[in-house]
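Participant: Sequence:
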Amino acid sequence: MKTLTHELSDLYGICSREDRVIDYMSEHFAPLGGEVSVDTLGNVTCAFSCGRENARRLLVFAHTDEIGFVVTKVEQNGFLRIQRMGGVNTSVLAGIRVTILGERGDVTGNLGVCSHHVMPPELKGVIPDVSKLYIDIGAASAEEVYERGVDVGCFVTYEKNFTELSEHLVSGKALDDRAGCAILLHYAERIAALRQAGQLHWDVYVVACVQEEFNVRGILPRVREIRPDASIGIDICVAHDTPELEGKAPIRLGGGPAVTFVNFHGRGTLAGVLPDEKLQRALLDTCRREKIPFQREVVIGLITENAFIGFENAGVAVANVSYPCRYSHSPIETVDLRDLEGMVSLLAGFTAGLTEQTAFGKQK
1 MKTLTHELSD LYGICSREDR VIDYMSEHFA PLGGEVSVDT LGNVTCAFSC GRENARRLLV
61 FAHTDEIGFV VTKVEQNGFL RIQRMGGVNT SVLAGIRVTI LGERGDVTGN LGVCSHHVMP
121 PELKGVIPDV SKLYIDIGAA SAEEVYERGV DVGCFVTYEK NFTELSEHLV SGKALDDRAG
181 CAILLHYAER IAALRQAGQL HWDVYVVACV QEEFNVRGIL PRVREIRPDA SIGIDICVAH
241 DTPELEGKAP IRLGGGPAVT FVNFHGRGTL AGVLPDEKLQ RALLDTCRRE KIPFQREVVI
301 GLITENAFIG FENAGVAVAN VSYPCRYSHS PIETVDLRDL EGMVSLLAGF TAGLTEQTAF
361 GKQK
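Going by this note's numbering, the first residue of the sequence shown is number 1, and it counts up by one from there.
In case anyone wonders, no lab produced these hints; they're calculated from the structure.
Just so we're clear, the structure is a prediction, and the values are computed from it rather than from any experiment.
Hints are all accurate, no fakes.
Result set (DSS-like, lysine-lysine): computed pairs, CA atoms no more than 30 Å apart in a straight line: (1) 278 / 364; (2) 124 / 160; (3) 248 / 278; (4) 278 / 291; (5) 362 / 278; (6) 362 / 291; (7) 291 / 2; (8) 160 / 73; (9) 160 / 132; (10) 124 / 73; (11) 248 / 124.
If you anchor each label on the Cβ, the simulated ranges turn out as follows: (12) 124 / 221: 47 to 57 Å; (13) 73 / 126: 16 to 26 Å; (14) 125 / 147: 36 to 46 Å.
Where a beta carbon is used, it is the ideal one built from N, C-alpha and C, also for glycine.
Model the full structure from these sequences, guided by the hints.
Facilitator: So this is what it looks like as structure tokens:
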């Protein structure tokens with residue numbers, strides 16, 4: 001689990017430029033015996049047929065993309081102006097290192113910050129607006145910037161920095177949702193083994209999807225093609241075990257997977273997830289049966305693709321399972337490997353428990 005999480009975290013893959021992650025997932029799905037495909041947008045699917053005609057269909061997904069920035073202007077003095085792509089945590093930006101996905105290759109830069117010795121007192125401790133930030137790539141002019149393959153429209157990500165903090169805790173960029181992609185790969189291995197043993201009773205579609213951080217809808221064309229009966233989303237949940245959040249919610253690192261009861265974005269277009277009760281109960285029953293520690297999540301300020309998947313086709317039974325993460329949307333997202341392994345056990349155990357008669361939803 002640690003190796004996959006490390007390798008996936010280190011890949012650069014901002015929304016619509018997930019190609020490196022797409023290739024990685026495709027290559028790792030390929031040996032498992034499922035049918036691997038990539039659609040127009042870049043959604044990677046590894047499909048496992050149970051061998052029965054008209055079998056029910058399960059979709060399990062995690063997203064490949066990460067947050068970042070886009071270059072909006074190249075100043076004549078060689079500095080780059082930027083705007084956010086996704087929900088960047090602006091409180092951590094000034095003074096960090098970034099990578100520009102240039103037209104001739106990756107370019108390293110620094111997000112500039114006013115030198116402390118001459119910073120006006122009224123600006124100390126103030127978080128600058130993104131529109132006031134700039135990137136320094138060491139260029140002395142706009143012409144030098146262009147020569148290095150950087151121009152308006154180039155995308156920017158946090159620089160890779162994966163770190164092992166302790167035996168179980170790891171930190172890095174894009175663990176939302178690359179740790180979820182690592183979970184997908186281990187889950188797909190378990191599904192391949194179930195099928196080989198003749199114990200797979202639903203068709204299973206494992207999907208590494210795109211553009212979640214930009215519009216939360218990149219998976220929808222694939223959903224319309226698969227037409228799943230049930231959909232389980234894998235993503236982070238916010239760990240509340242740090243000093244500024246402690247006591248506000250019970251989610252913590254090392255507490256096991258979190259089963260979502262409600263999530264709601266709360267900003268902009270109203271959207272959230274109300275899980276199918278039968279599907280949610282089956283996930284909870286799996287945790288108890290397999291003795292997997294689990295947590296219960298209710299969160300305002302976060303959604304997943306299931307907010308929209310549930311209303312596709314004739315309706316889809318949806319549920320979310322999440323792994324706790326500290327410092328979300330920062331360069332130092334932190335997760336517990338034991339929670340990731342618990343996610344794999346939960347998803348695999350749930351899938352193994354599906355029978356030909358299992359049904360979710362409220363239809364009679």
